[in-house]
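**Q** Residue numbers (my numbering): 1 to 433.
Think of the hints as simulated: they come from the structure by calculation, not from any bench. It is possible that part of the hints are untrue.
[Claimed, not checked] Using C-beta positions, here's what the derived DEER-type ranges look like:
(1) Asp227 with Asn206: 52 to 58 Å
(2) Glu390 with Asp227: 54 to 60 Å
(3) Arg241 with Ser336: 50 to 56 Å
(4) Phe219 with Thr342: 26 to 32 Å
[Claimed, not checked] Taking lysine-lysine and the BS3-like style, the derived pairs with C-alpha atoms no more than 27 Å apart in a straight line are:
(5) Lys316 with Lys337
(6) Lys337 with Lys370
(7) Lys370 with Lys316
Even glycine gets a Cβ: it sits at the ideal position worked out from N, Cα and C.
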Amino acid sequence: MKKTLTAAVALLAVIATVSGCSSAVKPHITISTSESEEVPSDTEVPVTEPLLPVIPSIDEDNTPYVNDLPQVQFSSEDLPSGFIANDNIWVDVSSVERESQPYVFYVPKLRDGSEDADSCNARISDFISGCMSDERCTGSDFIYFETNSHIFSVLITAHLDSGDDLYMCVTYDTEESLCLTNEDIMAYAGLDEDTLYGTAAGAVRNVLISRAPADETLFTDTGLNPDSTLGRAADSSEDVRNAYDATFSDTTLNTEMPMFINDSGEICFCSDIVSAEGPAYHTEAYSVSGTTYRGSTVNGITGSASLLDINSDGIKEYIERTSEGTAVIYRITEGSKEEIATVGSTSLRMTSAYFFEESGFESRPVLRVKLPADEGSLSYELILVSSDYEEVTRHTVTWSDTNADGAITEEDSFLLDGSLSSYSEWYDLTGIV
């Protein structure tokens, strides 16, 4: 047997962005007037209400984004029934309503008309049907990985209200019109049953190391470092210890676990991984190099294409990477997709920005694009899209480390859309200090 495994509260009209240094505008953060006093990089910046999310370092791309704006309800009539994503997949869009709350499921289907593709699509439908009938499930989305001209994978993620996920993987060979089995995927990666465990265990180690503090040694020659954060948690909690042991057991890491191939050609796995915080473990999808994948609830775009709600209306947009290193953002329409914008980088994430309007500073969800910049500089494009897609507002903000101290301070240089800006405005728009 083969084993494949709401509109934003207000229309984002033209936003009047005013410099925090302007005499007509009260700065959103407290700025020293002393030329000699610096704002240390490790000091919390005092902020007037409402507070921006705390971002722990100047380039932290993994901080969870929490959209605290009220969401309006949308009906199933607002959703397209489906759209053509690319040459290989069609996406069905379905919803289920529970207690007047709609939950949306984006379901990729193979477009090849082969018997194997039909069989894969039937299994995908069964998986999603089960998720839609499960009251714990709050929706589903996917990441599309195009490995080469004829092999692609789809990772389907069903999100649970507990914060955990369920995964299903499909890898397809368009030349052979076949869904690849785990055995096929292992052969593609040059693995067999004897070498799989070591590869998978190494991948899990890479995931855990990527999450450990930078100054911490997580593993020693003999195994888990008892002096590490995870080591101390395992020593003090039987649940964490059992989860750690289960994470690396051969009943978890074996030929039966879901597998797929990412867009770099790496073999990837889905399994339970121990956590030192919260529940003892979470089900994760990850590559051999330690990259984790979790649909569009996590910040950033991974794979060749995925989904992200960039205008906070409860309906996700389709974002596609290009071979030129850019990303194209599409609005989903009935049967197709409509381009909204092309951005000059694939390093994207949702975040909050504060804009000054007549009523004062207001928080807006923005898509933040990290742009190429010289050493000692950071540059981002902020994109705001209205719920009806009529207004697309774009701003570019840049910081340069004028005094070469490695910290973002008021003495540095700041630009907004090419014009001189301020430390306070930089902070309002990026939250980065």
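**Q** Verify the CB-CB distance for Glu390 and Asp227 against the hinted window 54 to 60 Å.
**A** holds (57 Å)
**Q** Is it true that the CA of Lys370 sits at most 27 Å from the CA of Lys316?
**A** holds (21 Å)
**Q** Cβ-Cβ distance between Phe219 and Thr342: within 26 to 32 Å?
**A** About 42 Å separates the Cβ atoms of Phe219 and Thr342, which means 26 to 32 Å is violated.
**Q** Just to be careful, I want the Cα atoms of Lys316 and Lys337 compared with a cutoff of 27 Å; is the pair within it?
**A** holds (12 Å)
**Q** Given the hint of 50 to 56 Å, is the C-beta distance from Arg241 to Ser336 inside that range or not?
**A** Check passed, 52 Å falls within 50 to 56 Å.
**Q** Would you mind confirming whether the straight-line C-alpha gap from Lys337 to Lys370 stays at or under 27 Å?
**A** Holds, at about 25 Å.
**Q** Does the beta carbon distance between Asp227 and Asn206 stay inside 52 to 58 Å, or does it fall outside?
**A** With a Cβ separation near 20 Å, Asp227 and Asn206 fall outside 52 to 58 Å, so the hint is violated.
Of the numbered hints listed earlier, those contradicted by the structure are 1 and 4.
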